[in-house]
Structure formats: C-alpha cells, structure tokens
Amino acid sequence: DGGITQSPKYLFRKEGQNVTLSCEQNLNHDAMYWYRQDPGQGLRLIYYSQIVNDFQKGDIAEGYSVSREKKESFPLTVTSAQKNPTAFYLCASSMIRGGSYNEQFFGPGTRLTVL
Amino acid sequence: AQTVTQSQPEMSVQEAETVTLSCTYDTSENNYYLFWYKQPPSRQMILVIRQEAYKQQNATENRFSVNFQKAAKSFSLKISDSQLGDTAMYFCAFISEGNYQLIWGAGTKLIIKP
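As they're listed, the protein sequences go chains G and V. Sequential numbering of the first sequence, starting at 1, is according to my numbering. Sequential numbering of the second sequence, starting at 1001, is according to my numbering.
No lab work stands behind these hints: they were computed from the structure. Heads up, some of the hints might be wrong.
Unchecked claim - Part of the chain G face toward chain V, derived, beta carbon under 10 Å: (1) Tyr48; (2) Ser94; (3) Gly109.
Unchecked claim - Cut-off 20 Å, straight-line C-alpha distance, at most; resulting in silico cross-link-like pairs (EDC-like, lysine to aspartate or glutamate): (4) Lys1109/V <-> Asp38/G; (5) Lys9/G <-> Glu24/G; (6) Lys1055/V <-> Glu103/G; (7) Lys57/G <-> Glu1061/V; (8) Lys1055/V <-> Asp1081/V; (9) Lys1078/V <-> Glu1061/V; (10) Lys71/G <-> Glu24/G; (11) Lys1078/V <-> Glu1015/V; (12) Lys57/G <-> Asp38/G.
Every residue, glycine too, gets a C-beta built ideally from N, C-alpha and C.
So that you can see chain G by itself, here it is in the shape it has in the complex (with noise of 0.2 Å):
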C-alpha cells in the first residue's frame, strides 16, 4: 500500500535531549513538509523539502532541524534548543506540478512530550 509512516507513534522527551522523528513515503512524491498541531490551533509549517538535499524553513523552525538525503525520507530532529517542544507533529508529501496545487498527503503523526 502506498502512504506516509511516521515513527514513533508517541515518544517521551527528557529535558535537554535531542530526538529524531521519522518520516518515511512510498508515494514517489517530489515535496516532503513538517508541521507542528498545537491545542486549538491550526498547524504551523516547521520545514519543506522540494528536492533531495535541500529544504527551506516554515514559520517556525528554530529549534528544529531536518535532512533529506533520500526521496523517501525526511526526518526531523527536535533540539533541546527548542524551548516547548510538546506536540503533535504531522509528516505529509506532495507531488510538484507546475501551475496547479498538488494535493498534500498526511502520516498519521507523532506525540512528542517533554517529561
């Protein structure tokens, strides 16, 4: 089946600790993006990648860093720079078409909290 994996499903943090989330697709899709849920917000862009071995930060990327060394793979590391890293962060792809929108497919997320 075709989609989006990420892992964990739910990770625990300790103060200082710098951690890795993994995202993995098998859609062949050209543009991988991180986004962080918060509570009663709307998702927040943290890092998109277009291409392998290169990526731009969203809006809020301090704290965050990302590497694309494969089509498939887009992993994000929360630092311990990153001062309230509690939350649901959600792994999604696209393909790149001129002139259209391409429809953004989501993984199922990871819960990250800081003990």
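Keeping the supplied structure of chain G fixed, place chain V upon it in accordance with the hints.
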C-alpha cells in the same frame, strides 16, 4: 499576511441533521485554492473537499459541499445527513498558486450526537 479564520470552536448537531461550518480568509492573491480537512479522533488528517478560486461553481463531494463567496472571502462547509463518523476536528486551509505553504485555520470541533 494571509490568514484563515474559523469562528466556531465547537459545534454539535443530531445525527441526520445538516450542519454548516464557517471559514473566512484574507489574501491579496487572485489565484489560490481552499480546502477543508477532517481530523477524526485517530488524528489522521484527511482531505474532505477542495475549491479552486478561479472556479465559480461550488465543489461537492457526496454529502459535503461548499459555499464559496470569493468577493466576501468566505468558504463554508455544509455536511448533509450528518453521520456519527463525521465527528472530528475540521480545518479550513488556504494555499496560493505556486506556493508550498498551507495556511490553516484553528479548527472547529464537530460532534454528531446519536
């Protein structure tokens, strides 16, 4: 700045009733797309319906339809014959053509009561 506003934090209706969720947006762009996404308790984000701004005809998908008023910058979602499985958070989102960033509203929690 482009913004999306959903003024109803929570709504509840009886099963089989019709419900309308409101969304307004602000943009100076002329070419853009609008979406309604559903996020059930599983938290999987699912696209419900989309509307291209250049199309005057309102989009429909089975029991879901939109009322797109471009001049008023309004994009409401109507759910007919509501079902228990429609219980979810509903998000309105916007993207301008050629952009990669979806702009999201804060969401409306919809509860369908049996």
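Hints versus structure:
Look at Tyr48/G: its Cβ gets to within about 6 Å of chain V, closer than 10 Å, so that hint holds up. Annotation: Ser94/G was flagged as interfacial toward chain V, and the flag holds, the nearest CB pair being 8 Å apart, inside 10 Å. Residue-level restraint check for Gly109/G holds (minimum Cβ-Cβ distance to chain V is 5 Å; threshold 10 Å). Restraint check: the Cα-Cα separation between Lys1109/V and Asp38/G comes to about 14 Å, which is no more than 20 Å; the hinted pair holds.
A threshold of 20 Å between alpha carbons decides the hint, and for Lys9/G with Glu24/G the separation of about 13 Å falls inside it, so the pair holds. Only pairs whose Cα atoms come within 20 Å are accepted, and Lys1055/V paired with Glu103/G is accepted, the gap being roughly 17 Å. For the proposed pair Lys57/G and Glu1061/V, the alpha carbon gap of about 34 Å is over 20 Å, so the pair is violated. Among the hinted pairs, Lys1055/V with Asp1081/V is inconsistent with the structure: their alpha-carbon atoms are about 26 Å apart, more than 20 Å.
The straight-line distance between the Cα atoms of Lys1078/V and Glu1061/V is roughly 10 Å, inside the 20 Å bound, and the hint therefore holds. Taking the CA atoms of Lys71/G and Glu24/G, the gap is near 9 Å; set against the 20 Å cutoff, the hint holds. Annotation: proposed proximity of Lys1078/V to Glu1015/V holds, straight-line Cα distance about 14 Å (limit 20 Å). The suggested pairing of Lys57/G with Asp38/G holds, with an alpha-carbon distance near 19 Å, which does not exceed 20 Å.
In summary, the numbered hints that this structure violates are 7 and 8.
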